[in-house]
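In the order they appear, the protein sequences are chains A and B. Taking the working numbering as reference, the numbering of the first sequence is continuous, increasing by one, and the terminal residue is 603. Taking the working numbering as reference, the numbering of the second sequence is continuous, increasing by one, and the terminal residue is 603.
Since the hints were made in silico from the structure, they are not lab data. Any given hint could be a false lead.
Said to hold, decoys possible - Only pairs whose alpha carbons sit at most 16 Å apart, straight line, appear in this in silico EDC-like list of lysine to aspartate or glutamate:
id: 1; chain 1: A; residue 1: K65; chain 2: B; residue 2: E151
id: 2; chain 1: A; residue 1: K385; chain 2: B; residue 2: E205
id: 3; chain 1: A; residue 1: K28; chain 2: B; residue 2: E392
id: 4; chain 1: A; residue 1: K39; chain 2: B; residue 2: E392
id: 5; chain 1: A; residue 1: K601; chain 2: A; residue 2: E515
id: 6; chain 1: A; residue 1: K385; chain 2: B; residue 2: E458
id: 7; chain 1: A; residue 1: K207; chain 2: B; residue 2: E36
id: 8; chain 1: B; residue 1: K65; chain 2: A; residue 2: E336
id: 9; chain 1: B; residue 1: K39; chain 2: A; residue 2: D472
id: 10; chain 1: B; residue 1: K28; chain 2: A; residue 2: E392
id: 11; chain 1: B; residue 1: K385; chain 2: A; residue 2: D60
id: 12; chain 1: B; residue 1: K385; chain 2: A; residue 2: E36
id: 13; chain 1: A; residue 1: K65; chain 2: B; residue 2: E336
id: 14; chain 1: B; residue 1: K211; chain 2: B; residue 2: E126
id: 15; chain 1: B; residue 1: K207; chain 2: A; residue 2: E205
id: 16; chain 1: B; residue 1: K65; chain 2: A; residue 2: E388
Unchecked claim - Listed below are several chain A residues computed to face chain B (Cβ distance under 7 Å; list not exhaustive):
id: 17; residue: Y76
id: 18; residue: Y78
id: 19; residue: I156
id: 20; residue: G158
id: 21; residue: Y188
id: 22; residue: R202
id: 23; residue: R498
id: 24; residue: Y573
Said to hold, decoys possible - Per the computed footprint, the stretches of chain B lying under chain A, defined by three or more beta-carbons under 8 Å from a beta-carbon of chain A, are:
id: 25; segment: 66 to 79
id: 26; segment: 249 to 260
id: 27; segment: 278 to 291
id: 28; segment: 491 to 503
id: 29; segment: 525 to 531
Even glycine gets a Cβ: it sits at the ideal position worked out from N, Cα and C.
The chain contents come next:
2 protein chains.
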Amino acid sequence: MKFRFFVQLLFLSFSIAVVSAQKIVNLSDFNIVGSKDATPCVYEALKSVEGKDAKLVFPKGIYHFYPDKAFGKYHAITNHDNSYKYFAFPLINCKNIEIDGQGSEFIFHGVMTPVLVENSENITLKNFSIDWQEPFYLQAKVASVDTQNKTFDLFISNEIRHQIEGNRLSFSTNGLYIPFLGEHIVFDPKTKAVAYNSINYNLGSKNANRLIEVKAVEKNRCTVLNSSVKQLPKVGYIYVFKGPNGMNRFAPAMHLSSSKNLNLTNINIYQAGGMGLIAEKTENIHLNSFNVKLREGTNRILTTTADATHFCNCKGVVLIENCLFENMLDDGSNIHGTYMRISEIVNNNTIRVRLVHPQQWDYNFASSGDSIEFIQNKTLLPVASYRLKSVTKINEKFYEITFENDIPESVKIDDGIENISWYPKLIFRNNVVRNNRARSILISNRYKTIIENNSFSSMMSSVLFEGDMNYWHESGAVNDVVIRNNKFHDNVYGGGKGSVIWINPRLDSIVSGQYYERNIRIENNSFETFDNSILNAKSVNGLIFKNNSIVETKTYPKLNPELPAINMQNCSNIVIQGNTYQGSSKRMIDIDNQSKVTLVLDNNQKGFKVN
Amino acid sequence: MKFRFFVQLLFLSFSIAVVSAQKIVNLSDFNIVGSKDATPCVYEALKSVEGKDAKLVFPKGIYHFYPDKAFGKYHAITNHDNSYKYFAFPLINCKNIEIDGQGSEFIFHGVMTPVLVENSENITLKNFSIDWQEPFYLQAKVASVDTQNKTFDLFISNEIRHQIEGNRLSFSTNGLYIPFLGEHIVFDPKTKAVAYNSINYNLGSKNANRLIEVKAVEKNRCTVLNSSVKQLPKVGYIYVFKGPNGMNRFAPAMHLSSSKNLNLTNINIYQAGGMGLIAEKTENIHLNSFNVKLREGTNRILTTTADATHFCNCKGVVLIENCLFENMLDDGSNIHGTYMRISEIVNNNTIRVRLVHPQQWDYNFASSGDSIEFIQNKTLLPVASYRLKSVTKINEKFYEITFENDIPESVKIDDGIENISWYPKLIFRNNVVRNNRARSILISNRYKTIIENNSFSSMMSSVLFEGDMNYWHESGAVNDVVIRNNKFHDNVYGGGKGSVIWINPRLDSIVSGQYYERNIRIENNSFETFDNSILNAKSVNGLIFKNNSIVETKTYPKLNPELPAINMQNCSNIVIQGNTYQGSSKRMIDIDNQSKVTLVLDNNQKGFKVN
């Protein structure tokens, strides 16, 4: 196993060299220099080499891309909103293609997905940046607060068009009219991060957003009248609004799908109306210095309106290194599979299943020959694995699946299935994730996972493990995770629940002696954070927390001073050893009786108070 | 030519008999009786015969259909809003299939298209009705008016969910949230038709709809505060709101596409979120007793939210007979082709063209071997015809087209093309069109067209000819139209411009001696209407208006008393003979100098006053 892993890594390193031996196509031969719209130049260049065996080189410059003449098709992207989409780089059925921007800036206009890699092999993308002329969100600074009336004024950036219609603030960006402010959060201009306790400044969640009333004060300034804020925001705080759920994930910067051997190097993503990179059903991906970052010299406080990077049912090796992910509206990385729910058991070897979350609809869940594991509905525990014979998509959320053999009789309606042929070995190293909404990284990955030498500071957990079959339907109980030599700075400052490392599979019921997660090793990390809760775990068999240093900072007042540093429920084979603590917490460890049975606890850890 | 036409008609009559000789499948064998959702039963029945050589028979009953388990795909429908759609009867790649409802009622739930016939041949559908549990519109009665404040109260039907959010009235139907009242019109409960001068009650057009403010008075009742009505509506008048453009044409009742030999008989459509029937690129269609009508015993004032029937680039024979089309929010029938506009001339035989109107996007404009006519931009006059070699859809609105030969040098950017291989012979006879918004019938059809023995009463023109390359981009200059033995009751009462028969190609400039339309014969019709204008024509070569009877009614006050009965501009070879008139108009005929050159005018027509 170890040898194979090494060979795969080797492949990743060498594939760039292989590709660069191929035909060189200079984009200037396609009249890209001075073009108003570079889209047809790229389209023609790709067509000229029939998508094969070529290196497309851009003269260093600034190029603009528009959807009008871009390749388009209806396109489903997991964890996004499906729609008819336009692509500036439609790398479909391509082989041995390298795109070298030579430091160029690619500026996009309109709702489009700059890069699609689909059914392709050996693709290298490097040396360019992606930005949009108009951001996918409305940015507004708190201009004044009125404590008596519990209202406040917003000064609205006029980078994109906005208007008050009736008593509702709406905006238009990239050709899209956004009728409601929708999902939003508050940033602190001093830290350039999500504001401490930002949950308190929420104007009204989900559909309640539609009820926010504003009154015009003067050009670009309005008073927010009926918000449901728990606390008035500070003057200078920055609200960002990305529109309602279902209208704000149309345009990720890059979609990698059903492909193999992809290298992305030295790329900066400054904006996207969705994720920076979303990969699904793809084998071997190497991101090196692939950054989702604020563009210097602008007042924009946001990068992507969803995760920086996201990997659903990838396999082979996913290697992410030397990246900076900052100021996104969702996680730094999320690596997981997908649960479908059983709707009907048609006969001994045929079931009908559904995709529940709208942002998973039309997902290419599996193909003939894949191995599928049946999962119990409430416990999320596996029942058995079966080889898949065929899949028929009846509609985007309802599929018929047949198996080579009869399925177990114990399988019931509402149980789940996951595709265990599609999980990667994951290495996430030397990366920085900071200042974003949500988590630094989510790990729901069946195979070997190494998280090392990173620096994390997010407003929710830094590392979250969270299989669930009720909301997101993201699968992937772990079996082998190492988290080592990372620096965890202030985390979980947004005001919601969570620990710096939170192992929280969403189980409706627990079976004694059975565990969702296995073998998680957390060692030699440095936790420097203002609040108490460092590690909270449930349903893990084999959890080592060893040689970590915990130092309390004074960055913010504690939000949950009652919580212990370490909390374990329904775990087995826990080892807590060699850690040190400096801080004011009076309660270091809280472990339930069941977890205590097999616990190995070092009682002489420096600074640890005995409970 | 005549003989071939007769043979085609014969085929249409016999094809039902051919199909009925095939395998009988009783839907009760698929557990349809007592089913909560009949959708999977139909799906399984069609699958069981592999879509071929079968008659599917429904035990007479009421059946409910839901999208959840319906066949689905992303689907473009011309003159509608493209989206991922669900189909209860997915007749795709079918041959020799008959569906006999035996008088059953099919009730739909949610946004779906009940019937899709695609790439199919010899299909008969008969003896059923289509309705939706929830209508696709909000119906509201004027409860009171306040002349002082120029406001009025609406009493809102609670058949569908509605709510006041802020000061905005929104509604939800068939699972779709409609944030704005959007397009709307007023009906008169006494006539059950669109209200006389309904244009005066418009609350604000297009995006101004978003600004309509309402205030809750009591449950189901609100005051409309800031409407832009020219006149307050009468108490009892009924507003219908179908939501904003782009959100109200997702779910036509039937879509016929790329098929051949289709018979639809004895079908009632009571509702649709779009058209009753939309056919495109289909050869030989016979509608007999295919009705779009109000369902008796309900308070619903509307049927379909768009046209009753619509035919785009069909060919062979389209025969529509013995149908009733009433209370739609658009035309009774519209028969036309499609103009694309030239964006780029790539080389001698290659152009790139665009679809301009969003509801034409993704249209399958043409295939290899079709004949394409080039059309001048401003005059809409033809340049030359060429055979098409290939079409590549770069995206839904941007196509590349190559021709077998070099195209003319005179062709310029922004000129148009139309597909002249796809127009039908049209017979529209023994039909009633009444009480709807818009026209009774639009004719933009290159080939033989017979409109006879119909009864028409619509709030705009009864018959409209209107090629245009600026807005709808509907092509089809006529060459041979007969309009005879029809009864035209009160028309053009909505308050907009128009004549009972209006020949109004939208030409930006006119070339002396050249005409858009040719050979229109209007004879032996009876016009009984309250207003003056009966026939208004421009750019016709060969227009006969003969032996028609015109009788003025007292139904409504005249809206345009200054207009003549007959008005001609830039026509040639006009014959006006043997017509009679009873009424108060002082000005019967207004013909411009150019049209007079070749005019044959009977000066002794009974009741005609000399100008």
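We went through each hint and held it up to the structure:
no.	hint	in the structure
1	A:K65 <-> B:E151	violated (37 Å)
2	A:K385 <-> B:E205	violated (44 Å)
3	A:K28 <-> B:E392	violated (20 Å)
4	A:K39 <-> B:E392	holds (14 Å)
5	A:K601 <-> A:E515	violated (20 Å)
6	A:K385 <-> B:E458	violated (43 Å)
7	A:K207 <-> B:E36	violated (56 Å)
8	B:K65 <-> A:E336	violated (21 Å)
9	B:K39 <-> A:D472	violated (46 Å)
10	B:K28 <-> A:E392	violated (20 Å)
11	B:K385 <-> A:D60	holds (12 Å)
12	B:K385 <-> A:E36	holds (14 Å)
13	A:K65 <-> B:E336	violated (21 Å)
14	B:K211 <-> B:E126	violated (20 Å)
15	B:K207 <-> A:E205	holds (14 Å)
16	B:K65 <-> A:E388	holds (7 Å)
17	Y76	holds (6 Å)
18	Y78	holds (6 Å)
19	I156	violated (10 Å)
20	G158	holds (5 Å)
21	Y188	violated (31 Å)
22	R202	holds (5 Å)
23	R498	violated (25 Å)
24	Y573	violated (51 Å)
25	66 to 79	holds (count 4)
26	249 to 260	violated (count 0)
27	278 to 291	violated (count 0)
28	491 to 503	violated (count 0)
29	525 to 531	violated (count 0)
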